[in-house]
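Protein chains: 2
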Amino acid sequence: MHLAELSRRSGVSVASIKFYLREGLIPPGVPVSARKSEYDELHVRRLRLVRAMLTVGGMSVGQARDVLAVADDPAFTRHERLGIAQYMLPPRVTVPEPEDEARAAWDAMRAQIRAELRALGWRFHDEAPGLDVLTRSVLTLQELGYDAPVDQFRRYAEAMRPIAEAEYSTIEKYEVLEEAIEATVAYTVLIEPILLALRRLAHEDVSARLYYGAGSGSDPGSDPSPDPG
Amino acid sequence: MHLAELSRRSGVSVASIKFYLREGLIPPGVPVSARKSEYDELHVRRLRLVRAMLTVGGMSVGQARDVLAVADDPAFTRHERLGIAQYMLPPRVTVPEPEDEARAAWDAMRAQIRAELRALGWRFHDEAPGLDVLTRSVLTLQELGYDAPVDQFRRYAEAMRPIAEAEYSTIEKYEVLEEAIEATVAYTVLIEPILLALRRLAHEDVSARLYYGAGSGSDPGSDPSPDPG
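As you go down the protein sequences, you meet chains A and B in turn. Counting with numbering that gives the first Met the number 0, you get residues 0 to 228 for the letters of the first sequence. Counting with numbering that gives the first Met the number 0, you get residues 0 to 228 for the letters of the second sequence.
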C-alpha cells in the first residue's frame, strides 16, 4: 500500500507517519519509484504500537525508540522486551544524587522496601523504577509526619498480585510481539485510573457503612453523601 | 502568637499566610493593635490542612475553600466532610455535554458500571467523581480495541475493599476534624503511586516466573530483567 492508504488504514496522519519515518520509529517502505514507497501490514501494526507508546503511554520519542530497539533485537527474551516497555512508562521519579545529603536515607529506605518485597518471593530487577516510586512515596509520607506503611506493603502487595496474574494472562494471549507490547502499554496505563477510582469508591462505601450502617446500596435515595458541586 | 511565630510554627511563609488570609482559607486572628493580630493553635492546624490540600492534594484555592466551608458547617456529618475533601481531589475527567453524540454511550456505560458496583453492595453517591473516571477509562480502552473489563470490576473492587477498610481505620484515629481531612488528602493521594508501583512490580514477578520458573527471588544475580538504561 502507498502512504495515503497506510494513513487511512492506521488512522495516523501522513505528516505524522513522515515524522515517525524520519525519527526511525517505523521502518522505511520498499521504494517503487523515485517518490513512492510500498508499505505493508507490519507498518500498520508498528504505527499502532508507536501511537500507543506516545499518546497512551506518554513516552518520549527517544523512549519509544529504545523500546523498539529492544523489541527488534533477537538477543532479548519476550520477558525482557515487555519489561523494557513497562520500565519506560511514566511516572519516573528523581533519585537524589550520590553527593546529596538525602541520598543515605533514600538508599536505606529503598533497600528496606526491596527486602520486604523479596521476602514475599517477588522477582524483579534491582533497578526496577517501581522501587524508586515506592521510596519517594514513603519518604514523602514520613516527611509529612505520617506512618510510613513499609510493613503494610504486604497487604498492598497481596492485593495487587492476583490482579497482575489475571492481567498478564490477558497480555500473553497476544502472540505477535508488537501487539503484546501495545497491550502492555495500554493495560498498564489505562487500568491504573480504574484501580484508583475503585479505591476511592471503596473508601466512600466503608465510611457510609460506619456512619449509616450497612444498607443495600441499591437505593440512591438513601445515599448519604452530599452533592460536592 | 504573632504572624512571625505562626509562620515559624507552621513552616508556611508570612507572604503565603497573608495570601491565605485574604482568600479566606484561614480565619483572621484577633486584633491586638492597629497592625498586629493574635493567632492560636487552631490557625497552625488550619494552615497545615490548607498546605496539604493545595500542595499534596493539588486542589485549587477555590476547591480548598469549598472543602473548608463544608468542614466548618455543622449541618454536615463527618462522613460528608471527609467525602467532600476526597471528591475535590484530582483527577477530574471531562464529561461530554448532554447534546454531545458521545453522551448516550457515556451515560449507558456509567449506568452499567454503577449497577455493577451497586450489585456488590457498595454505597456511594450517584455523582461520585470515581464513576466518571471509570467511565472514561473503560470507553478509552474500548476505543483502542481492547476488552472493556466492566465484568472484571468485581476482581478489582474485591482487591481494593480490604485496603480501603484498613486505610479508613487509620483515618478514623484522627479525632480532630482538620487532622482527619488532612489525613484523607494525604493518604488518598500519596498511597496511590504505592499501589500502582506494586502492581507493576507484580507484573514483572509474574512474567519472571512464567519465563524463568519460580525462583527464590532473593538472589539479585539470578534476576532476569535487563537494565533499561
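Keep in mind that the hints were calculated from the coordinates and are not lab data. If you're wondering where the values come from, they're calculated on a predicted model, not measured in any experiment. Among the clues, some could well be false.
[Said to hold, decoys possible] A short, non-exhaustive set of chain B residues, derived as facing chain A with CB atoms under 10 Å:
1. Phe152
2. Tyr186
3. Ala207
[Stated by the list, open to error] Computed, partial: chain B to chain A, Cβ under 8 Å:
4. Val29
5. Ser32
6. Ala33
7. Ser36
8. Asp39
9. Arg122
10. Leu138
11. Thr139
12. Ile162
13. Ala165
14. Ile193
15. Leu195
16. Ala196
[What the hints assert, rightly or not] Covered, in the sense of this in silico footprint (three residues per stretch, anywhere, with C-beta under 8 Å from a C-beta of chain B), are these stretches of chain A:
17. 31-42
18. 137-146
19. 156-164
20. 202-210
A virtual CB, placed ideally from N, CA and C, is assigned to each residue, including glycine.
Taking the hints in turn, this is what the structure says about them:
1. Phe152: 7 Å, holds
2. Tyr186: 7 Å, holds
3. Ala207: 4 Å, holds
4. Val29: 28 Å, violated
5. Ser32: 34 Å, violated
6. Ala33: 37 Å, violated
7. Ser36: 27 Å, violated
8. Asp39: Interface hint status for Asp39(B): violated (20 Å vs cutoff 8 Å).
9. Arg122: 4 Å, holds
10. Leu138: Since the shortest Cβ distance to chain A is 10 Å, the answer is violated.
11. Thr139: 6 Å, holds
12. Ile162: Holds - the Cβ of Ile162(B) comes within 8 Å of chain A, reaching about 6 Å at its closest.
13. Ala165: 6 Å, holds
14. Ile193: 5 Å, holds
15. Leu195: Cβ of Leu195(B) sits 5 Å from chain A, so the hint holds.
16. Ala196: 4 Å, holds
17. 31-42: It is violated, with 0 qualifying residues against the three required.
18. 137-146: holds (count 6)
19. 156-164: holds (count 8)
20. 202-210: holds (count 9)
Violation of the numbered hints given earlier is confined to hints 4, 5, 6, 7, 8, 10, 17; the remaining hints are satisfied by the structure.
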